[in-house]
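**Q** If you want the building blocks of each chain, they are given just below.
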Amino acid sequence: MFFHIVLERNMQLHPRHFGRNLRENLVSKLMKDVEGTCSGRHGFVVAITGIENIGKGLIRDGTGFVTFPVKYQCVVFRPFKGEILEAVVTMVNKMGFFAEAGPVQIFVSNHLIPDDMEFQIGDMPNYTTSDGSVKIQKDSEVRLKIIGTRVDATEIFCIGTIKDDFLGVINDPSAG
Amino acid sequence: MEKGGKGFSLPPQTARKSSLKSNPQGVASLKGKDDSSTKSKRGKKVQFNFEGSPEANFSPKSGGKDETTFPKGDSSKWGKSDKTSTGGKNSISKEPQPLEFKIEQELPENAKCMMDCEAVDILQGIKDQMVILTRDPEFRLPVSFDKGLQYAKRGGHYTNPQLVRQVLETLTKYGVTDGEICLIANVCPESVDEVFALVPTLKPKRTKLSEPLQDVLSELAKLKESASLESQMERAQVDIPDN
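Taken in order, these protein sequences are the chains called A and B. Start counting the first sequence at 1; every next residue gets the next number (this note's numbering). Start counting the second sequence at 1; every next residue gets the next number (this note's numbering).
Chain A with its partners taken away, still in its complex shape (with noise of 0.2 angstroms):
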């Protein structure tokens, strides 16, 4: 899920960056810095929407760097347990799915795709059902349930499951 958030940060600003443009100077640093970043707590910055605030700037000891903190308010996106997402599935394998919401990478294990799906070796594996109906392969679109996540510095990795009322194959409306 979207979210719209304050954060802070100090920015460290070199000398040469001072004078009139230096607010730009700021800002353009902190886009570069902090866009396309992860955080645990915050989830993917996607963008920075606005300064709230730049604060009074703290020149380092023994440096010429002066640190200003700043305020800025940004769209974060990040997945949560018990969310519903709908992913495109990006690979299949014998042991499950993966597939991408945004920026998050969720897979999805044969265990939690549903007992009558069973996997189709060959150019294109698949998940299908034994009618045929339904089937699950590379840029299917699915609706999962998000189970479990795990974050680290640069990535949110997601568990999902597909095996519960109203999750499955979207376009498919046999698919549930």
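It should be emphasised that the hints constitute simulated quantities derived from the structure, not laboratory data. Take these hints with a grain of salt, some might be off.
[To be verified] With a Cα cut of at most 30 angstroms, we get these calculated DSBU-like pairs of lysine-lysine:
no., chain 1, residue 1, chain 2, residue 2
1, A, Lys-135, B, Lys-205
2, B, Lys-112, B, Lys-173
3, A, Lys-81, B, Lys-173
4, B, Lys-173, A, Lys-32
5, B, Lys-127, A, Lys-138
6, A, Lys-32, B, Lys-147
7, B, Lys-127, B, Lys-224
8, B, Lys-112, A, Lys-32
9, A, Lys-94, B, Lys-147
10, A, Lys-81, B, Lys-208
11, A, Lys-138, B, Lys-153
12, A, Lys-135, B, Lys-153
13, B, Lys-205, A, Lys-81
Following the hints, complete the assembly by docking chain B onto the known chain A.
**A** Chain B alone, transformed into the frame defined by chain A:
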């Protein structure tokens, strides 16, 4: 039901054991179904007496639940999910709890959740501006931005986020949280049953919520229809110059 739930926490060891294995549960719930179909409504009370054995522990729950909340016979499959959302809280250790969607506890205070369609508006706006604003050739929008926008566009079923929010906010007076509202908007459900299945935190409020939720869903369906109409119109307009 609650009485029963408390009772179940008495033998914590058996409860924990069975929560680790998923198969016995499944078997138990299936059995529960059989029980309920033969013993009918009376089953709920009768089975509370069998608290001692772990198997009977689970069977009355799913069986009883099916009788009360899912009058349709075909919902037997979901006895399991019922357990995780209601009975599970009391008896089956901590495992099922994380499945409940409780954003508010995990989020910092100054965060506000957004529906996908709102995110589309904001992100698309930024992207449009970027083309003009950035003269820095080194500056590029990060991959996660594009992926996020792509995702939001795919999931955003509505074109008018303000209206959608207005419609859904009528639910706040029934105790529906902001996170749940956004989840409903993103999932774009078609029926009340779908909402309760996907957002189990709403289940306790089911009796109060069913009717207003139905109204809200029909409103949303209209908005969705108009959104798809609009996109069709747009496509049609694009087509005209070609001809």
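**Q** Now, for every hint given, state plainly whether the structure supports it.
**A** Now for the hints, and whether the structure bears them out:
1. A:Lys-135 with B:Lys-205: violated (36 angstroms)
2. B:Lys-112 with B:Lys-173: holds (18 angstroms)
3. A:Lys-81 with B:Lys-173: holds (25 angstroms)
4. B:Lys-173 with A:Lys-32: violated (42 angstroms)
5. B:Lys-127 with A:Lys-138: holds (28 angstroms)
6. A:Lys-32 with B:Lys-147: holds (17 angstroms)
7. B:Lys-127 with B:Lys-224: holds (25 angstroms)
8. B:Lys-112 with A:Lys-32: holds (24 angstroms)
9. A:Lys-94 with B:Lys-147: holds (27 angstroms)
10. A:Lys-81 with B:Lys-208: holds (26 angstroms)
11. A:Lys-138 with B:Lys-153: holds (20 angstroms)
12. A:Lys-135 with B:Lys-153: This hinted pair holds, its Cα atoms lying about 24 angstroms apart.
13. B:Lys-205 with A:Lys-81: With Cα atoms ~21 angstroms apart, Lys-205 (chain B) and Lys-81 (chain A) stay inside 30 angstroms; holds.
Checked against the numbered hints given earlier, this structure breaks hints 1 and 4; the rest are met.
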